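The opening position of the sequence shown corresponds to residue 14 in the working numbering, with each subsequent residue numbered one higher.
Derived by calculation from the structure, the hints in this document are not laboratory data. Only a predicted model underlies this, so the values are computations on that prediction, with no experimental measurement involved. Virtual Cβ for every residue (Gly too), placed ideally from N, Cα, C. One or more hints might be untrue.
Claimed, not checked - Result set (DSS-like, lysine-lysine): computed pairs, CA atoms no more than 27 Å apart in a straight line:
| no. | residue 1 | residue 2 |
| --- | --- | --- |
| 1 | K572 | K508 |
| 2 | K514 | K572 |
| 3 | K257 | K270 |
| 4 | K452 | K462 |
| 5 | K114 | K73 |
| 6 | K278 | K232 |
To be verified - Cβ pair distances, simulated, as ranges:
| no. | residue 1 | residue 2 | range |
| --- | --- | --- | --- |
| 7 | A277 | N203 | 48 to 56 Å |
| 8 | K78 | N203 | 25 to 33 Å |
| 9 | P564 | V175 | 42 to 50 Å |
| 10 | P409 | Q101 | 18 to 26 Å |
| 11 | V305 | L471 | 18 to 26 Å |
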Amino acid sequence: MNGILPTHLPRRWRNCDKIVCLVALALALAQPAQGQGSAESRPLHERIDALVSRPLESRKLIPAKLSSDAEFVRRVYLDLSGVIPTAQEARTFLDDPSPDKRARLIDTLLAAPGYALQMARVFDVMLLERRVPAGGTAVDVPLPAWRAYLCEAFAENRPWDVMTRELLGGDGSDTARGAAVRFYLTRDVNAHQLTRDVGRLFLGIDLQCAQCHDDPRFKDYRQADYYGLYAFLERSKLFPVKPKGALLGELAVGTTKFTSVFTAKSGETHPRLPGGAMLTDPALEKDREYRVKPGPNQRGIPVYSRRMALSEQLPRGETPGFTRNLANRLWALMLGRGIIQPLDLSHAGNPPSHPELLAELEAWLVARHHDIRGLLREIALSRTYQRSSELPDGSPPPSDAFAVAPLRGLSAEQFRWSLLQATGRIEAHLAKLEAQPKKAPAPEAPAWKQLADRLEPLERPSAALLTAFAGLPGQPEEGFQPTVDQALHLLNSEKLLPLLKADPGTLLHRLSSMEQPEPLVGELYLSVLSRRPDAEELSEAGQQIAAAGSPEGRNVVVKSLMWGLLLSAEFRLNH
14 MNGILPTHLP
24 RRWRNCDKIV
34 CLVALALALA
44 QPAQGQGSAE
54 SRPLHERIDA
64 LVSRPLESRK
74 LIPAKLSSDA
84 EFVRRVYLDL
94 SGVIPTAQEA
104 RTFLDDPSPD
114 KRARLIDTLL
124 AAPGYALQMA
134 RVFDVMLLER
144 RVPAGGTAVD
154 VPLPAWRAYL
164 CEAFAENRPW
174 DVMTRELLGG
184 DGSDTARGAA
194 VRFYLTRDVN
204 AHQLTRDVGR
214 LFLGIDLQCA
224 QCHDDPRFKD
234 YRQADYYGLY
244 AFLERSKLFP
254 VKPKGALLGE
264 LAVGTTKFTS
274 VFTAKSGETH
284 PRLPGGAMLT
294 DPALEKDREY
304 RVKPGPNQRG
314 IPVYSRRMAL
324 SEQLPRGETP
334 GFTRNLANRL
344 WALMLGRGII
354 QPLDLSHAGN
364 PPSHPELLAE
374 LEAWLVARHH
384 DIRGLLREIA
394 LSRTYQRSSE
404 LPDGSPPPSD
414 AFAVAPLRGL
424 SAEQFRWSLL
434 QATGRIEAHL
444 AKLEAQPKKA
454 PAPEAPAWKQ
464 LADRLEPLER
474 PSAALLTAFA
484 GLPGQPEEGF
494 QPTVDQALHL
504 LNSEKLLPLL
514 KADPGTLLHR
524 LSSMEQPEPL
534 VGELYLSVLS
544 RRPDAEELSE
554 AGQQIAAAGS
564 PEGRNVVVKS
574 LMWGLLLSAE
584 FRLNH
């Protein structure tokens with residue numbers, strides 16, 4: 014198997030150093046739109062292309078050509094569905110001569126239940142960063158409830174400002190959307206951890222170093238800003254409930270004071286968003302500060318909640334950084350890096366690479382009530398997103414120019430589901446379910462829930478993949494950082510052996526029934542790499558299959574070819 018692998022990497026990958034192949038090189042760029050009319054009247058994706066192209070011309074950078082259909086179909090499935098297309102889905106798209114097929118595919122994927130599952134996985138990792146509470150599941154929201162909350166939100170295209178109010182304002186008692194409290198519970202309702210993460214994830218600013226003093230690196234990050242945000246959160250407390258789970262309680266009193274370890278200068282603050290005005294608690298009569306007074310077995314519920322004030326004040330278009338952070342993170346999701354990079358270090362010393370573009374995206378989101386699905390559609394429609402990952406002639410352009418599509422490592426979730434897809438495990442499982450006797454009709458579940466329930470039996474057998482390729486708890490997953498442990502897992506783990514079995518309906522089972530090498534190799538490449546083999550690849554694979562001799566030897570060769578493609582950089586990367 015190892016002797017076959019190098020010769021069956023596509024030619025564009027063969028001469029690359031392995032490490033170089035596994036690191037993102039650059040980002041996509043578009044040429045100017047050709048349509049007429051004012052900038053405001055043109056669709057956003059055309060304005061994106063124009064704003065990305067302008068700096069290219071001034072910097073004399075050559076953008077990559079438009080991606081091939083094979084590049085595009087694999088990329089857009091991974092980004093909007095979280096999994097590569099099946100061989101039939103890839104074949105249907107590649108054989109479609111319609112000029113509008115890319116736009117139609119984008120709309121189809123955004124309307125499909127797989128979109129909600131993909132965005133739920135993306136935002137689960139972004140918001141929780143794979144954390145678990147110190148008290149474990151005993152004080153956490155059950156995982157199915159949290160997933161359902163996210164899936165439902167993205168299925169209905171819930172605006173981001175509404176989701177943010179739920180995430181920051183909920184205490185866990187709402188039967189419909191109480192699972193949003195998991196954002197607090199996975200951080201043990203630690204006010205300092207929450208202050209840092211609310212700033213990073215919702216405003217794009219990491220104030221961690223401002224906890225003890227003004228940040229000496231960035232003059233924008235002041236200790237007073239840190240404690241203004243901290244004051245919204247420090248009164249909130251963890252309140253465990255029996256038999257399992259937890260809610261949030263809150264005190265009605267508490268003063269926020271701070272002292273700089275550099276200057277010994279002290280300060281006191283009320284709640285205040287960075288760059289915003291200070292809020293004053295309303296005057297309340299003594300002994301009337303609580304709706305429910307806290308006690309040994311009683312959760313405190315104040316009349317005035319600072320945490321609720323945070324959920325009302327932060328997710329607004331006029332809050333500095335809120336909409337800009339969303340625009341920057343969605344851009345990075347689709348293009349591999351942000352217009353501001355790192356995503357949580359927005360400050361005067363780290364300006365946007367394309368300030369006009371970021372302002373355009375921000376204004377579009379405000380005007381359309383923070384429409385996540387709509388912005389992803391516009392980005393996917395742009396020629397910027399649809400650029401090839403093959404470098405143009407000359408030196409590689411800077412990654413912040415968005416001149417070339419990036420080589421992005423698959424997330425742990427994308428890799429897991431794409432391995433199951435490529436080997437035919439998902440199709441075989443769904444076909445088996447379809448063949449089972451139909452049960453009595455149940456109340457109609459949402460499409461995302463039906464798909465999630467059908468895929469759930471595949472999760473446990475593939476859990477080792479997710480564990481091996483997931484990032485460390487509490488760390489943002491930005492960029493591609495392959496490890497030796499991951500390589501060893503792919504090469505040696507016995508838990509991957511079931512993928513190589515020719516069970517009915519799987520890829521190896523389908524290939525075993527194909528007598529002619531050419532259609533066999535074509536099906537293999539479409540299944541694993543979402544493209545057809547070129548002439549050299551077809552010839553090399555065909556020769557090895559023909560030389561195998563016996564049917565048993567032929568199956569061994571085919572299995573080795575499949576495994577070689579699965580281990581290739583081309584499969585491991587989104588390009």
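Here is how each hint holds up against the structure:
{"no.": "1", "hint": "K572 <-> K508", "result": "holds (16 Å)"}
{"no.": "2", "hint": "K514 <-> K572", "result": "holds (9 Å)"}
{"no.": "3", "hint": "K257 <-> K270", "result": "violated (35 Å)"}
{"no.": "4", "hint": "K452 <-> K462", "result": "holds (17 Å)"}
{"no.": "5", "hint": "K114 <-> K73", "result": "violated (32 Å)"}
{"no.": "6", "hint": "K278 <-> K232", "result": "holds (17 Å)"}
{"no.": "7", "hint": "A277 <-> N203: 48 to 56 Å", "result": "violated (26 Å)"}
{"no.": "8", "hint": "K78 <-> N203: 25 to 33 Å", "result": "violated (50 Å)"}
{"no.": "9", "hint": "P564 <-> V175: 42 to 50 Å", "result": "violated (59 Å)"}
{"no.": "10", "hint": "P409 <-> Q101: 18 to 26 Å", "result": "violated (35 Å)"}
{"no.": "11", "hint": "V305 <-> L471: 18 to 26 Å", "result": "violated (44 Å)"}
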